[in-house]
Structures are given as C-alpha cells and as structure tokens.
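For this one, chain A is given, so just place chain B on it according to the hints.
Below, each chain spelled out in residue letters.
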Amino acid sequence: MSQRPFPAPVPSASGIILIVEDYQELRTLIGEILKEAGYRISEASNGAEGLSRLREGDDIGLVITDLAMPGMDGHAFAEQIRQGRPDIKIIFMSADPEPLLERIGDWGEGIGLLRKPFTDEQLIACVEDTLKPS
Amino acid sequence: MNGSAPKRQRAGAAPAESGNLDGSAAPSGARRPLAAPPVFGKQTAKKNLSARLAELARRLLEAQDRDREKIARRLHDDLGQQVAAISILLSALKRRLCPVDIEILEPMERALQKVVDLGVSLRDLSSELHSSVLEHAGIEAALRAHCSELSSRAGAQISFESSGDFEDLRPEAARGVYRIAKEALKDSAAANVRLFRSGAALHLAIQSGAIACLAPVELELLRQRGKAVGAAVRRKGSQLTVSIPRIC
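Heads up: the sequence lines are chains A and B, in that order.
Read in the working numbering, the first sequence has 29 at position 29, and its numbers run on one by one without any break.
One rule links them: number in the working numbering = place in the second sequence (from 1) + 1000.
FYI, nobody ran anything at the bench for these hints, they're computed from the structure.
The C-beta atom is built at its ideal place from N, Cα and C for all residues, glycine as well.
Hints may be right or wrong, so weigh each one.
Listing some non-contacts, in silico: residues in chain A with all C-beta distances to chain B over 10 Å [said to hold, decoys possible]:
1) Ser-45
2) Leu-51
3) Ser-52
4) Asp-59
5) Asp-87
6) Ala-95
Going by beta-carbon spacing under 8 Å, a handful of chain A positions derived as facing chain B [as the list claims (entries may be wrong)]:
7) Ala-68
8) Lys-116
9) Thr-119
10) Glu-128
Only chain A is shown next, with the shape it has when bound in the complex:
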C-alpha cells in the first residue's frame, strides 16, 4: 500500500506549531498529521496551558487553537497571544466560525480559519497558507 506524501514544509522558518484543543483524540490526530508532514509540534489542552507553553520560551511560530474550550476560550487565548507575541500566527478551528469572524474582522494577516470537520489535506493547506510570509 503506497502513501501519498504531503509536500515538504519549511519547519526551520515556521518554528514549532502549538496545538490547543480540549478534545484529546482530535488534538493527537492533528499532531500526528502535522508531524508526518514534517512539522514540530507542541500540545496543550486549554488556553491557560497554551499560555504556559508560550511562556516556557518554546520556538513557537504558529498556534492552532480550538475556539470553544472550557475556561479560557480560543478567542480570549488568541487575544492574549496578540498582546504579548503579535509575531505568532494563529489558526482557529471551529464548527461555527461566524461569531469569531465578527470579532476578529480587523486582526489583519497571520490568521487562519479551519472549519470543522476538516480533512488532513485542508489542515496542511491551511497551515501552509498561514505560515506564508506576508
């Protein structure tokens, strides 16, 4: 059984991808797909844990975060990232992104959106698009 590989990414330029998702199974799956595609990843199960990862000083260049999470939601988490590290790019995952679009309309570049459910190809395409230099 052959396997069609993803296009080679440029991990050195993008740094580590932090995946923030409270649903563990989905988080693991996303991590496996990104690792398989050649990216380095880090994981967190909620916004507070995600901020801890960022404070630890990891070389994080992109955050993929769920929008609806218990405690600090994805939007509040992303706002904190933008205040402290505006250089970090952010991809939001959501089954219902319309409210988010109302709130981040003026956030400019470096923002991606993945509508759930998505495929592995859509995930990789979104990561590549968001990581492209503006």
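Showing chain B alone in chain A's frame:
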C-alpha cells in the same frame, strides 16, 4: 390547592359586599373601608393570578431556553468534536490507500463526504437551537446573520437594518427579542427587519405579509415571550413591533 384560593377570597367577599360584617345593611355615611376591601380583594386576586401566570410563562420559557442551549452545546462540543475526529481519520486513511484502488477509494470518498455533511447538519441544528452569534457578538450581529441566512434560501428576501448601540441589552432580553424575531420570520418569504433605539428604549420592527397571518395562539406566544423579558409585542396589520422601554 391553587384552585381553592380564589374561592376562599370570593366567599370572604360576600358579607362585606352586603354591608357590615354581621350581614346588616350599612347605614348611610357609615365607615366605607368595611365595604371597600372585597372589591379590592377581587382585583388583587385577579392581578395575582395574572402575575403568577406571567411568572410561570417566564419560567417555562427560561427552562426551554436553558434546555435548547444545553442540547446545542452537546451537539457542538461533543458530537461535533467526534465528527471532526472521524473526518480527519478517514481523510488520513484515504491518503494511505493506493490511488489505483478505485473500489475502496470511491466508497471512502463518499463516506468522508457523508461525515462532512453530518458535521454541517449538526452545526445547523445546534445553531437553530442556540445562536452562538447572539452569545458572542450580540443582538444586532445575530439578527443580521439570521436575516442573511434566511435570504440565502431560494426566493427569500429578508432585509435588515439597524441604528444605535445595543451592547447594554441584557442577555436574557437579547435572547427573548432574538427568539421573537426568529418565530415571526419563520414563514416569511419577504420581510423588512429594523432594530433601533430611541433613548433608553429598544425597538424591533418586522414588516412582513406572514405577520398578518400569524394565528392568535402564535401571537400570544410571542407576547408571552416578550412579557417574560419586559418587552411589549404588538401587531398592526403586517407589522410586528417589539419594544423594551429600558434596555439596561
């Protein structure tokens, strides 16, 4: 138990209505307060009953909203996440298949499409039960999104305009106004929806042919929903207005 209270009040009213407490006729110029309370008591009982019914309606609507929200969250947070995981698993599995193995690839592709469709259905159902736009972006954005969604249906023309700031609208009032608009618009093929402020008051005006066709019971439900959040709901011809005198 509840049915006996008004009877007791009516029974208690009889002696005083006929005059003095002992049943004798009250002389002219006698102390009036003895006669007044029974009339006052009847009105008070009616008012109390009306207030209790309104309170009951309010609680029922609140309970209904809570249930809707709970189910919507389950659909979104639990089932939606599982569908998302299945989708990504299937797509990863599909990628591992040999490209020439059409007999497996095609059903796999169909299964993946079914999962995506299921995700869309779950999202629509969740949104029908509880508007996350309303929760996160407020009444104006939620009504605009709803009118836009209705307009995307074949042949439907639902316009929306707004003026003023609605950020200080209480969340329960926003939910009430939103649900009234949804109910009122559900059979409309064409409508003009306006949301505006006048001083401390909020007004929602819906102009649509379907408003004139609302059954009395439907209109009463809208009124009760409005009453539960302090809003007056009125219909005049094909226009429905919802007014909250003070929104904060």
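Structure-based check of all given hints:
1. Ser-45: holds (13 Å)
2. Leu-51: holds (21 Å)
3. Ser-52: For Ser-52 (chain A), whose nearest Cβ neighbour in chain B is about 23 Å away, the distance exceeds 10 Å, so it holds.
4. Asp-59: holds (26 Å)
5. Asp-87: holds (26 Å)
6. Ala-95: violated (5 Å)
7. Ala-68: Cβ of Ala-68 (chain A) sits 6 Å from chain B, so the hint holds.
8. Lys-116: holds (4 Å)
9. Thr-119: Hint holds; Thr-119 (chain A) Cβ to chain B Cβ min 3 Å, cut 8 Å.
10. Glu-128: Violated - the Cβ of Glu-128 (chain A) stays beyond 8 Å from chain B, reaching only about 16 Å at its closest.
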